[in-house]
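J.: Dock chain B against chain A, hints included.
Take a look at the letters that make up each chain.
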Amino acid sequence: SQTIHQWPATLVQPVGSPLSLECTVEGTSNPNLYWYRQAAGRGLQLLFYSVGIGQISSEVPQNLSASRPQDRQFILSSKKLLLSDSGFYLCAWTWDLGEQFFGPGTRLTVL
Amino acid sequence: SQQGEEDPQALSIQEGENATMNCSYKTSINNLQWYRQNSGRGLVHLILIRSNEREKHSGRLRVTLDTSKKSSSLLITASRAADTASYFCATDTGTASKLTFGTGTRLQVTL
Numbered sequence: 001s002q003t004i005h006q007w008p009a010t011l012v013q014p015v016g017s018p019l020s021l022e023c024t025v026e027g028t029s030n031p032n033l034y035w036y037r038q039a040a041g042r043g044l045q046l047l048f049y050s051v052g053i054g055q056i057s058s059e060v061p062q063n064l065s066a067s068r069p070q071d072r073q074f075i076l077s078s079k080k081l082l083l084s085d086s087g088f089y090l091c092a093w094t095w096d097l098g099e100q101f102f103g104p105g106t107r108l109t110v111l
Numbered sequence: 001s002q003q004g005e006e007d008p009q010a011l012s013i014q015e016g017e018n019a020t021m022n023c024s025y026k027t028s029i030n031n032l033q034w035y036r037q038n039s040g041r042g043l044v045h046l047i048l049i050r051s052n053e054r055e056k057h058s059g060r061l062r063v064t065l066d067t068s069k070k071s072s073s074l075l076i077t078a079s080r081a082a083d084t085a086s087y088f089c090a091t092d093t094g095t096a097s098k099l100t101f102g103t104g105t106r107l108q109v110t111l
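Residue numbers (my numbering), protein chains in the order written: chain A, 1 to 111; chain B, 1 to 111.
Treat the hints as calculated values from the structure; they're not laboratory data.
Every value quoted in this text rests on a predicted model; they were computed, and no experiment measured them.
Among the hints, a few may not be true.
Pairs of lysine-lysine residues, derived as DSBU-like cross-links and limited to a Cα-Cα distance of at most 35 angstroms, are as follows [what the hints assert, rightly or not]: (1) B:70 with B:98; (2) A:79 with B:98; (3) B:56 with B:98; (4) B:56 with B:70; (5) B:26 with B:98; (6) A:80 with B:98.
Isolated chain A (complex conformation):
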């Protein structure tokens, strides 16, 4: 069966510090991968998606970047965090049926 992991679960970082969130998927190959951000009490906003290794598409201009160094690994990064980067970050994958499977999320607080 397929599983998706995200870490860390929670993170408190100062403004201006770097960020690296990791997402890995097990039990499938060549999935589409997605990074979403959810502000408090709101819906999800798609940040990045990837259809293959090294292929990254950005949906919104922002202070973040994404990379896919391996087939089942998706990384969200920032060189310098802003207060507005706080939120709940969710990674998801899909194969070919359309439904997406979400990881447990990382709650990021930038102080």
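T.: Below, chain B without anything else, positioned relative to chain A:
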């Protein structure tokens, strides 16, 4: 941007009652999906309805889709306290299975 708008934003019912949530969207879609999110957790896929389908059932869930009105509804029958969660609709326009999420309905089921 949020394509889907859910209505109502919040819903409080008693156990055993039915809960109905509505979703409206703006552009043509490939499919529409409903997800559930327990507080502070990742999203769980509930049901997917394709653009050529009008109604779909899964256990106590019933989803309808009206593409002429660009709207969908989710009915949960015989609700239980464990159904307490936020429910989101998400539309897939077919490009890389990207999803655009609505703002969500917070459902509270009381004993």
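J.: It remains to establish, for every hint, whether it holds in the given structure.
T.: Taking the hints in turn, this is what the structure says about them:
Straight-line distance between C-alpha atoms of residue 70 (chain B) and residue 98 (chain B) comes to about 18 angstroms, which keeps the hinted pair within the 35 angstroms bound. Taken as a hint, the residue 79 (chain A) and residue 98 (chain B) pair is honoured in the structure, with Cα atoms around 26 angstroms apart against an allowance of 35 angstroms. With a C-alpha separation of about 22 angstroms, the suggested pair residue 56 (chain B) and residue 98 (chain B) falls inside the 35 angstroms cut-off, and the hint holds. A hinted pair counts as satisfied when its Cα atoms are at most 35 angstroms apart, and residue 56 (chain B) with residue 70 (chain B) qualifies at roughly 16 angstroms.
Annotation: proposed proximity of residue 26 (chain B) to residue 98 (chain B) holds, straight-line Cα distance about 15 angstroms (limit 35 angstroms). At most 35 angstroms may separate the alpha-carbon atoms for a hinted pair to count; residue 80 (chain A) and residue 98 (chain B) meet this at roughly 27 angstroms.
Checked against the numbered hints listed earlier, the structure breaks none of them; every hint is satisfied.
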